[in-house]
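Asker: Here is what each chain is made of, one letter per residue.
There are 2 protein chains.
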Amino acid sequence: MISVEEAIDIVMSQTIEAGTEKVPLQKATGRVLQENILADRDFPSFNRVMMDGIAVNSKAWQEGRREFYVEGMQTAGAPQQALSQEQNCIEVMTGAMLPQNTDVVIRYEDVKIEDKVARVSIDEVKPLQNVHLKGTDRKLDDVLIHKNQKLSPAEIAILATVGKHTVEVVRHLKVAIVSTGDELVDVNEMPHPYQIRRSNTYALQSALQAEGHEAQAFHINDEKDALETKLREIVGEYDVVILSGGVSKGKKDYVPEILEKLNVKKLFHGVKQRPGKPFWFGVREEGSSPTAIFALPGNPVSTFMCFYAYTLPWLRKCYGLNTQILEANLAEEFDFQPPLTYFLQVKLTMDQGQLLAVPVTGKGSGDLANLLEADAFLQLPSDRSAFKAGESFPVIQYRQIF
Amino acid sequence: MISVEEAIDIVMSQTIEAGTEKVPLQKATGRVLQENILADRDFPSFNRVMMDGIAVNSKAWQEGRREFYVEGMQTAGAPQQALSQEQNCIEVMTGAMLPQNTDVVIRYEDVKIEDKVARVSIDEVKPLQNVHLKGTDRKLDDVLIHKNQKLSPAEIAILATVGKHTVEVVRHLKVAIVSTGDELVDVNEMPHPYQIRRSNTYALQSALQAEGHEAQAFHINDEKDALETKLREIVGEYDVVILSGGVSKGKKDYVPEILEKLNVKKLFHGVKQRPGKPFWFGVREEGSSPTAIFALPGNPVSTFMCFYAYTLPWLRKCYGLNTQILEANLAEEFDFQPPLTYFLQVKLTMDQGQLLAVPVTGKGSGDLANLLEADAFLQLPSDRSAFKAGESFPVIQYRQIF
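Residue numbers (full-length UniProt numbering), protein chains in the order written: chain A, 1 to 402; chain B, 1 to 402.
Read the hints as simulated data drawn from the structure, not as lab findings. From a predicted model like this one, the values you see are computed outputs, not experimental measurements.
Since the list gives no way to pick out one identical chain from another, each pair is judged satisfied if it fits inside one copy or across any two copies.
Under the rule of at most 20 Å between Cα atoms (straight-line distance), these lysine to aspartate or glutamate pairs were calculated in the DMTMM-like manner:
# : residue 1 : residue 2
1 : Lys27     : Glu214
2 : Lys27     : Asp186
3 : Lys22     : Glu189
4 : Lys150    : Glu373
5 : Lys266    : Asp239
6 : Lys59     : Glu86
7 : Lys224    : Glu260
Throw the hints in and build the complete structure from the sequences for me.
Answerer: Put into structure tokens, the structure is as follows:
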């Protein structure tokens with residue numbers, strides 16, 4: 001058995017090149033950009049009026065003029081006008097081009113207009129006041145968004161502004177989720193007393209959906225031949241296979257031997273952690289591109305934890321993203337004796353800018369319902385058994401709470 | 001003009017009843033539950049074996065027996081067996097029913113099986129060890145998930161377990177996003193020097209998508225007749241209309257007068273805030289159900305900020321969700337003189353369980369590109385002008401960083 005740190009290193013060293021694809025801008029939210037986005041013009045692209053009011057020439061102002069004949073109106077979206085007489089003014093609207101021969105905008109609040117004459121009620125103006133000068137935010141050809149940026153609404157706004165109606169992003173890997181276990185029936189079936197309904201495939205599909213990611217779900221019973229036939233197909237067709245169940249010491253835990261038969265190279269089996277000790281990880285290098293196989297223990301809490309602690313960060317790394325490690329402060333002291341990394345279920349709260357983790361211990365890795373009470377796993381290191389209130393530890397969040 | 005606090009109170013008092021709909025489990029992630037979910041059986045539903053190994057009767061153990069003849073095997077998903085002789089054992093697999101007449105599971109690691117005889121290598125066992133007792137996690141008819149819960153992968157797992165292949169959730173309101181402004185051309189058009197491309201509708205659509213929410217986008221030029229005709233249609237058809245532009249003091253800012261003409265009741269126009277001062281909000285009560293109208297100022301940063309500070313919390317409240325207010329500590333001192341609530345753009349970082357907000361001041365509400373550098377707005381109150389490092393303030397996050 002290896003440590004959690006070793007397991008993470010091994011998993012993270014096995015990223016798969018995902019390739020790129022083009023998607024329409026309206027489908028790009030949450031995707032990872034695969035091109036640098038340059039400014040197609042200066043930002044702003046002209047001297048832009050920032051307030052509704054009048055535009056004047058500062059020379060006239062300096063010469064003492066406070067009343068200006070209104071020559072015309074410059075609206076947003078109209079070609080640039082020019083002030084013909086320095087002592088006059090032009091009414092200007094927010095978003096319009098500053099008219100030629102003007103350099104000061106005085107807002108309506110400081111002006112009274114009667115009979116086409118604007119009288120200014122303030123005593124001072126600054127040159128270029130209320131003017132957003134061409135190129136002050138960004139210059140033509142500046143890199144606005146760098147490759148590998150995850151696209152949030154702010155980036156979408158910029159992509160629209162520079163005319164990117166299609167965007168080059170990282171292709172999503174093809175993900176299969178496979179549950180095994182004779183005790184499992186589907187959601188719309190009525191289980192016998194000795195059966196339960198499948199939940200892991202639904203949970204993992206949902207977790208991927210929350211990342212904007214599709215996945216195909218399968219179920220295979222614990223029969224060697226069926227497992228081999230079906231897994232051969234799936235491993236051949238998908239980039240990532242997430243299995244749940246069949247990796248422990250049970251008499252019907254056939255998954256590791258079947259995977260080795262399919263030429264999947266085992267990279268580890270067993271991690272010094274609770275839950276999720278029997279976690280098996282391997283890669284098949286055959287064919288045009290490799291397939292990564294995460295064979296997770298079937299207990300629902302183990303599956304859930306291993307997905308968030310290993311598979312999701314790995315997937316993000318394949319896409320060129322770094323997972324920022326969030327830390328939280330333990331709200332009360334906690335003891336855990338076994339020499340294993342313990343992924344403690346916690347509820348997260350925010351107190352005066354401080355992230356607190358309140359332990360919500362359940363009844364072990366079979367206690368699926370306990371996940372409802374918590375938001376995250378707090379990763380407590382294996383080399384200690386007493387953890388004090390106020391100490392800060394990495395947190396693996398599965399519920400967005402803010 | 002009213003304060004930000006008053007504006008929030010008014011907006012939040014105008015929630016719209018969204019109604020309910022049924023969706024398939026695979027589409028329920030992110031939705032808000034509209035029914036209580038009860039346990040359809042005990043959790044677990046039988047005395048469940050927690051480890052692969054052998055099941056014995058503790059009476060035999062207490063009488064000193066350490067070698068057990070293996071009578072049979074109880075696998076997961078198979079009907080319950082019974083131990084016929086107290087001095088024997090049955091091999092048991094994780095997830096299986098505990099056989100009748102047994103009450104202790106000893107894991108394979110502590111047992112050696114040869115010639116159908118299991119020899120136990122440990123000296124002590126506890127009654128019911130490695131047995132997950134029926135009903136210890138939850139009882140039949142316990143409420144597992146309460147109405148108004150937002151469905152994350154953990155809830156999806158539970159819904160699958162109790163057989164909810166369709167789920168009753170809050171219906172999504174019909175949202176229209178409408179940009180106005182003659183200076184705006186579409187993303188696939190080449191703007192004239194005095195024009196810019198539309199970005200607000202794309203940004204808001206993306207922000208709603210990130211919430212798993214659809215929205216229809218429209219653009220209307222600054223012509224009174226077109227505005228009236230088109231807005232009449234939209235207000236009649238949608239539950240929520242988010243406008244951007246046309247609400248300031250400009251000569252072509254027709255939106256407020258047109259909305260009043262369409263019998264939209266103005267609830268406020270103008271908020272003591274920067275950005276977003278000209279924000280207009282109203283409700284039309286006509287027809288079968290009311291329509292809420294958020295007429296946001298057209299500057300991209302203003303639109304963005306008002307959406308996240310007002311529209312999104314309002315939408316969540318319509319769906320029965322409370323927005324938890326996140327707080328962050330200002331990383332450096334900051335000054336803002338005007339007597340307005342200032343929504344300062346900040347970059348968020350986590351330092352030892354402490355959320356820090358680093359100011360990223362841009363060049364005003366037209367500086368769209370500055371949104372790229374920041375993650376959130378820090379809400380600085382209007383009654384002060386000096387803000388010290390380490391002070392904590394509410395934060396309105398637009399980018400998920402963890």
